[in-house]
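Colleague: Protein chains in written order, with numbering that gives the first Met the number 0: chain H, 0 to 401; chain B, 0 to 401.
If you are wondering where the hints come from, they were derived from the structure by calculation, not from laboratory data.
Quick reminder that beta carbons are idealized off the backbone N, C-alpha and C, glycines included.
Honestly, I wouldn't trust all of these hints.
As the list claims (entries may be wrong) - Okay, the calculated bits of chain B under chain H, using three or more residues with CB under 8 angstroms as the criterion:
#, segment
1, 59-69
2, 96-105
3, 262-274
4, 288-298
Protein chains: 2
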Amino acid sequence: MSESGRVLLDLFLLFAAAKLAGEVFLRLRQPAVVGELLAGMIIGPHLLGLVSESEFLATFAELCVVFLLFVVGLEIDPTGLWRVGRQASAVAVMGVVLPFGFAMLLMKALDRPIGESLFVGAALTATSVGITARVLSDLGQLGTRVAHIILGAAVLDDILGMLVLAVVSGLAAGALSGSEILVLIAEALAFVVLAIVLGRSAVHRFSPGLYRMTRTSNPSVLFALAITVCFGFSALAEVIGLAAIIGAFFAGIIFAEVREAPELRRSMESIYELLVPIFFVLMGANVDVPRLLSMEVLPVGLVITALAIIGKVVGCGLASYNLGLREAMAIGVGMAPRGEVGIVIALVGLSKGVVSSDVYSQVILMSILTSIFAPSLLRVILSPPKEPAAPEEASSPGEAES
Amino acid sequence: MSESGRVLLDLFLLFAAAKLAGEVFLRLRQPAVVGELLAGMIIGPHLLGLVSESEFLATFAELCVVFLLFVVGLEIDPTGLWRVGRQASAVAVMGVVLPFGFAMLLMKALDRPIGESLFVGAALTATSVGITARVLSDLGQLGTRVAHIILGAAVLDDILGMLVLAVVSGLAAGALSGSEILVLIAEALAFVVLAIVLGRSAVHRFSPGLYRMTRTSNPSVLFALAITVCFGFSALAEVIGLAAIIGAFFAGIIFAEVREAPELRRSMESIYELLVPIFFVLMGANVDVPRLLSMEVLPVGLVITALAIIGKVVGCGLASYNLGLREAMAIGVGMAPRGEVGIVIALVGLSKGVVSSDVYSQVILMSILTSIFAPSLLRVILSPPKEPAAPEEASSPGEAES
Numbered sequence: 000m001s002e003s004g005r006v007l008l009d010l011f012l013l014f015a016a017a018k019l020a021g022e023v024f025l026r027l028r029q030p031a032v033v034g035e036l037l038a039g040m041i042i043g044p045h046l047l048g049l050v051s052e053s054e055f056l057a058t059f060a061e062l063c064v065v066f067l068l069f070v071v072g073l074e075i076d077p078t079g080l081w082r083v084g085r086q087a088s089a090v091a092v093m094g095v096v097l098p099f100g101f102a103m104l105l106m107k108a109l110d111r112p113i114g115e116s117l118f119v120g121a122a123l124t125a126t127s128v129g130i131t132a133r134v135l136s137d138l139g140q141l142g143t144r145v146a147h148i149i150l151g152a153a154v155l156d157d158i159l160g161m162l163v164l165a166v167v168s169g170l171a172a173g174a175l176s177g178s179e180i181l182v183l184i185a186e187a188l189a190f191v192v193l194a195i196v197l198g199r200s201a202v203h204r205f206s207p208g209l210y211r212m213t214r215t216s217n218p219s220v221l222f223a224l225a226i227t228v229c230f231g232f233s234a235l236a237e238v239i240g241l242a243a244i245i246g247a248f249f250a251g252i253i254f255a256e257v258r259e260a261p262e263l264r265r266s267m268e269s270i271y272e273l274l275v276p277i278f279f280v281l282m283g284a285n286v287d288v289p290r291l292l293s294m295e296v297l298p299v300g301l302v303i304t305a306l307a308i309i310g311k312v313v314g315c316g317l318a319s320y321n322l323g324l325r326e327a328m329a330i331g332v333g334m335a336p337r338g339e340v341g342i343v344i345a346l347v348g349l350s351k352g353v354v355s356s357d358v359y360s361q362v363i364l365m366s367i368l369t370s371i372f373a374p375s376l377l378r379v380i381l382s383p384p385k386e387p388a389a390p391e392e393a394s395s396p397g398e399a400e401s
Numbered sequence: 000m001s002e003s004g005r006v007l008l009d010l011f012l013l014f015a016a017a018k019l020a021g022e023v024f025l026r027l028r029q030p031a032v033v034g035e036l037l038a039g040m041i042i043g044p045h046l047l048g049l050v051s052e053s054e055f056l057a058t059f060a061e062l063c064v065v066f067l068l069f070v071v072g073l074e075i076d077p078t079g080l081w082r083v084g085r086q087a088s089a090v091a092v093m094g095v096v097l098p099f100g101f102a103m104l105l106m107k108a109l110d111r112p113i114g115e116s117l118f119v120g121a122a123l124t125a126t127s128v129g130i131t132a133r134v135l136s137d138l139g140q141l142g143t144r145v146a147h148i149i150l151g152a153a154v155l156d157d158i159l160g161m162l163v164l165a166v167v168s169g170l171a172a173g174a175l176s177g178s179e180i181l182v183l184i185a186e187a188l189a190f191v192v193l194a195i196v197l198g199r200s201a202v203h204r205f206s207p208g209l210y211r212m213t214r215t216s217n218p219s220v221l222f223a224l225a226i227t228v229c230f231g232f233s234a235l236a237e238v239i240g241l242a243a244i245i246g247a248f249f250a251g252i253i254f255a256e257v258r259e260a261p262e263l264r265r266s267m268e269s270i271y272e273l274l275v276p277i278f279f280v281l282m283g284a285n286v287d288v289p290r291l292l293s294m295e296v297l298p299v300g301l302v303i304t305a306l307a308i309i310g311k312v313v314g315c316g317l318a319s320y321n322l323g324l325r326e327a328m329a330i331g332v333g334m335a336p337r338g339e340v341g342i343v344i345a346l347v348g349l350s351k352g353v354v355s356s357d358v359y360s361q362v363i364l365m366s367i368l369t370s371i372f373a374p375s376l377l378r379v380i381l382s383p384p385k386e387p388a389a390p391e392e393a394s395s396p397g398e399a400e401s
């Protein structure tokens, strides 16, 4: 069979497995992304071997993730961001600092190289807002103070996570002197600031004129412009030594507040539905499952998972302790699922050769476990006051973790 | 820069060039696809060299074209097809037979191998319905008898073209005995018939149950199912020795008549807008422009173009001669633009190693020229009766070809 025939067969298997597993996990009230990762582990080269490793798919995955991060950026409402307030900002910052610090300490204790430690730290910073938002919505608590703080902080977290990744992916290039590190940090920050400031003003100034000039319809022009900027920023970020996804993420943010953003989000929906499930299955397929389950790799993976949860619960909890223990706990647990962004950061480290295959697998494990346990735990914490008639059932930890 | 960084930079250039050139050509009242092909020729490796040849992009192009043909199939209204009638069927069949025959005769006269001749013949059969439909719509003539016949016949043409390609791509695999040829033809026809009959009944029987079972929304389930079938049929077509696009095309037809087809078409719009312009720029970039313009390659390219136009005008004209000379001419000319499908067939031949680079370039030239000239000529033929005050201007052939 030709190369393209093999790729189509792989894509068929990947996509079908993703959709099937995603659906099964949705029925189990679990995030679809967990199902997709597990499906990838099962059909990947290390277990069933239905999908083989291929250079095309590796590059294709990096293309998928560019669209994933573009959409993540696009869903951030920058005007809403200013209203997030002090409490959510404190939660976000503490929820980045503590897990990052914990990871660095663990990796130092394990004697791992500094570059790898930085990536693990970065992977532990970002919160997956989608997973927690669904739990809050299921419980009918999207309008509460806890929900507002979690969602605001999670958005800030994505931005902080990308900033951390920008610096880390520069640093990880090699052992650097102090002044080189400063230059790198300055470069990363300059990219982000220029991208947002110049990009935003350019889009705002030129797009209305562009609409008038062109013969195609407005949504279509905006779509073409957005995709062009997304590719352009991603390539630019790679050229200056950052990761492509950082460019894609900030390209998304630029377009998040244009007047036609809702149409643009709708246009991106089917691209997202096509590419992102394939991406997560591929990320699962990267995991060497037998090795992950070995005594050399699994314990550290579980420790990383524990630190990921403790870091958020303690960090975010401390920053919101003034709200009382229950709300502080809910916020800490609500910030714990890592989902997409942690995986994406691990992938960047893996493809730059800085993160080893073992550590990559441990981070995927951490993403899966935090994405499964945190929502269940959050349901337990938030449910009792809603249904005081049956507190025993809802607070059984056994059920929560099933 | 990393492999993925280079790919992103290429995609940025390809997409930006596609959208810019497409827009310019729309303003010149020319099909966007012509602008995209020319843009590819200019930025491709043979002229400016801004985009280099890469294995990834070659495979990516074959992925893009799968979605292109899926959408082409999806836009075919199978229930409307039964109403096309005898006249349009005759136009379609004659418009396939004559250009195919002309191409075979020319290639025989040039002493080219039989496999290559078959592909050139196949590339000359299919009509690009989109280009002519736009002209008819511009002239406000979409409701006329001529328009109905052209659009009906063009749809049949796509199906006949894919059937021809199915047989040809099997045949071109090598010199075969008479019985092997019969087996191949039977296999191709069996694939198509089974795909449509079994696929249609499966989709109709199972999709309502699927909607009820799943937790995601109906359009989203249908989208997942359609993409799965599209990948599956494409891979299957490759496995049995046909081209992936044949599977994609018939997968599209299967979903063209489900109740939610309009939502599915809308979902595919942004995927189409993302991938198809990139595809055409890549197809342009494959053309060795200096060589195409050399005296060895250009004259044959022009002869192929002439035969492509004469074949449709004579074939379709004869089949509709009973409508009078003017309408018969309009139908013949309206069927002449080859656009997408001719290019796609040439690509299949090129990637199977059956079509030489020179002949590929000649087919692209034919697609470009028929897509430019046929609409202009059609405007001339159809305009006079609309504005009888200025017949001189509109019928100047000089203007028509500008």
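Colleague: Run through the hints listed earlier and report the numbers of any the structure violates, in increasing order.
Modeller: 2 and 4
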